[in-house]
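Colleague: Going down the list, the sequences are from chains A and B.
Quick note: the first sequence uses numbering that gives the first Met the number 0, first residue 0, plus one each step.
Quick note: the second sequence uses numbering that gives the first Met the number 0, first residue 0, plus one each step.
Hints are computed from structural coordinates only; laboratory data are not their basis.
Hints may be right or wrong, so weigh each one.
Because identical chains cannot be distinguished in the list, a pair is counted as satisfied if it fits within a single copy or across any two copies.
In silico lysine to aspartate or glutamate, DMTMM-like type, Cα no more than 20 Å apart, as pairs [to be verified]:
no.	residue 1	residue 2
1	Lys-344	Glu-311
2	Lys-393	Glu-260
3	Lys-344	Asp-310
4	Lys-161	Glu-392
5	Lys-166	Asp-257
6	Lys-270	Glu-247
7	Lys-27	Glu-259
8	Lys-414	Glu-271
Quantities reported herein were computed from a predicted structural model and do not represent experimental measurements.
There are 2 protein chains.
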Amino acid sequence: MLKTEILSVGTELLMGQIVNTDAGYISKRLPEAGAGVYYHTVVGDNPSRLRDCLLIALDRADVVITTGGLGPTQDDLTKHTIAEVLGLKLYDHRESRDRIDSFFAARGRTPTENNYRQAMIPEGAEVLTNDNGTAPGCLIRCTGRYDGRVIIMLPGPPDELKPMFDKYVMKFYSDNSRQKLHSIFVRICGCGESLVETKLASMIDGQTNPTFATYAKSGQVTVRVTAGAETEAEAETLTRGAVEKIKEILGEDVYSVDDEEPEETLVRLLKENGLTVSTAESLTAGMIASRIASVPGASAALVSGTVVYTDEAKKRLLGVNEKTLTEHTAVSAQTCREMAEGMKKLSGSDFSIAVTGYAGPRVADEPVGLVYIGVSATHKTVVRECRFTGSREKIRTLTAVNAIDLTRRLIAELKIKAEGVRNDAAAAAEGKEERV
Amino acid sequence: MLKTEILSVGTELLMGQIVNTDAGYISKRLPEAGAGVYYHTVVGDNPSRLRDCLLIALDRADVVITTGGLGPTQDDLTKHTIAEVLGLKLYDHRESRDRIDSFFAARGRTPTENNYRQAMIPEGAEVLTNDNGTAPGCLIRCTGRYDGRVIIMLPGPPDELKPMFDKYVMKFYSDNSRQKLHSIFVRICGCGESLVETKLASMIDGQTNPTFATYAKSGQVTVRVTAGAETEAEAETLTRGAVEKIKEILGEDVYSVDDEEPEETLVRLLKENGLTVSTAESLTAGMIASRIASVPGASAALVSGTVVYTDEAKKRLLGVNEKTLTEHTAVSAQTCREMAEGMKKLSGSDFSIAVTGYAGPRVADEPVGLVYIGVSATHKTVVRECRFTGSREKIRTLTAVNAIDLTRRLIAELKIKAEGVRNDAAAAAEGKEERV
């Protein structure tokens, strides 16, 4: 296993102007490649401090991945400092220079002289092309004093770094690993992290191939399954086998094996089945609709929505009965049901999602965290009572995630039903043919 | 200036399960206290590697702030490792033990024996109490070999770390600074970062007291103004003077000098003036309403909203004319105006915000980034055409921020008007009295 250190260069990180998401991204991906991240270091745009940090990193890691400091200005000194430490000369890399010219030409602009600084490459380095910016990366296999060490330099902007990391760095680790790796991300909703771990314990414990790692974020759990083998196909077979077992154990709670967000799965299912959805939101106030709309192409599935914060709005927009609000209050299963059914009528969509609840801060004796989630589907209306804990933002997010997930479950139910009907029809048709 | 290193401890950071937001928060705050962050280091829950990192940090920094590793499990080894390096014994800190008991009692639970590990404190350390968790922090003024160095240990969870940092660590830096500092965050909307810098250049250039720093995020710019003086009052006077100058130069584009988000300012203004708002959202699909609702107490100001993604929804919910949609399309100033006015009628609110536009991905020859933002106020309806660039998410966010900001501007306009009227009325009243 290659011990890796991520060395991020940039005063803006030390000033807190940006958070080090590059280090987070690389750290999340490397275990898939069978590598271990042992250290993150952040240093400013200062050559002597960068030099010291590089020497420390070369001393304790096999691979040093630097992020940032490859741009065109005098502040960008990663390449020059590293070349100096290794005693390498920089040369003008023709191809990188041409790429800078084309990049600017495509935008109707002309590069200034300092842009060509980015085309200077340390001798012997492998050039990593950058399809989303002008700063190429590079990979140096050290000789001499640091023989065997590898330094990989990547640009700082995440939209440049990520594709380069995926294309070159993951390949580097895979080439240097005796085995090929395959990972699948199993996404789970409706089952907490510790319950997932308990349910999977007998399957996971003592397993070394595949390996499993669980992560949790508001309302969701992800299980990463990674297997290694001599060929990629074998690794994939091992991974798929484990994933099938997880699906057997967790059942309906597994909503995706393609690393999708809940709203991505929902929009995909809606579109696959030619169905539409609408929303009626009280405490989330548009968060559910907004999450659905964040998926490209959502316009084919999302018809309309309402934000009904006040009792008046619930009555006026959705036709919730005055009597229901008085007898049961706005936060009740009855109101939630009328909201969902009222929205379905208003929008003409196949599914309507409604939520109402107390997000906090606490007013009088309101039970903060009490939330009703209702979905009115073509075949029935379902309302669930939930008790969430945490901040206002967390309660709203948990409500949104669970509402989206409940809709996904009802589509799955409908699909099973429809397939049953189709099978009946097919059987009947076959029967008919027999009778002919 | 105290050179500071942030040493974060936690394998979950190296695995990319969480991003190092603690380091980001501390880095952002320390310049206000006149301190400089020179390095961030992240290391896993491994005592020998933590020891090595601590030695490096003590060698190159005046103050080392550690985050994480103060919890109850065997993995949590920050305090024990640091005590060992400094040759300090740990003792059972009575008060911390009592606080752990009360914390659990308040939740109707009993602490397990390992919870009391958290009450072990290195001798001579100052205890930093934790009001949001069971792990106290501590501050050690080193003697002997590391004489003069200071080590501050804080827990990892951000909702525990932030209040402790604000209360104890900022005070430590302020006590150790020859001068008192005061900072104000000027929040700006409607003027890009480079334009802000250009406009303020003559004021900022060469200034050393106060100092200025600008940060940008989607649609907003923040200018931090920090002044130092012998007393806090003097520092505040210097800061306020500079802020007044910025407000003169940037005018209406300054929306807050209290470090508020645009939606916080909007909700505050609405509530102060007894006004209400509603939303009609196409491309943002609930993002504007959701941002407004994220402000505690927003229910007094936000009446209702609609998500009108399709032409059908725009007609059915808001009464947009078929003819307008056919002649001008859904993305037009005309449609936007009818959406805003239709929403105002539907909701009965004082202000209605409407947005329509192309967020991408590009379909046919749609001009991605073309957005109309309309606000129907009590005194008039305003529609603005905007051209945004960037990803789908960025275009939606820019739309939301600018729509919220346009509403804020119209409230300010209304207020000036109302004050005009009130002054007229007052003048008339005075006149009357004179006439009596």
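Colleague: Each of the hints needs a verdict: does it hold here or not?
Modeller: Outcome of the hint check:
1. Within a single copy, Lys-344 and Glu-311 get their C-alpha atoms as close as 18 Å, and across copies as close as 14 Å, so both meet the 20 Å cut-off.
2. Proximity of Lys-393 to Glu-260 under the C-alpha cut-off of 20 Å is found in both arrangements, the shortest distances being 17 Å within a copy and 18 Å between copies.
3. For the identical chains of this complex, Lys-344 and Asp-310 are neighbours both inside a copy (19 Å) and across copies (17 Å), given an alpha-carbon limit of 20 Å.
4. For the identical chains of this complex, Lys-161 and Glu-392 are inter-copy neighbours only, at 17 Å across copies versus 29 Å inside a copy, given an alpha-carbon limit of 20 Å.
5. Only within a single protomer do Lys-166 and Asp-257 lie at most 20 Å apart by alpha-carbon distance; the minimum there is 19 Å, versus 44 Å between protomers.
6. For a Cα distance limit of 20 Å, the shortest separation of Lys-270 from Glu-247 qualifies neither inside one copy, at 26 Å, nor across copies, at 53 Å.
7. For the identical chains of this complex, Lys-27 and Glu-259 are intra-copy neighbours only, at 16 Å inside a copy versus 33 Å across copies, given an alpha-carbon limit of 20 Å.
8. Taking the shortest alpha-carbon separations for Lys-414 and Glu-271, only the intra-copy value of 11 Å comes in at or below 20 Å, while the best inter-copy value is 51 Å.
In this structure, only the earlier hint numbered 6 is contradicted, and the remaining ones agree with it.
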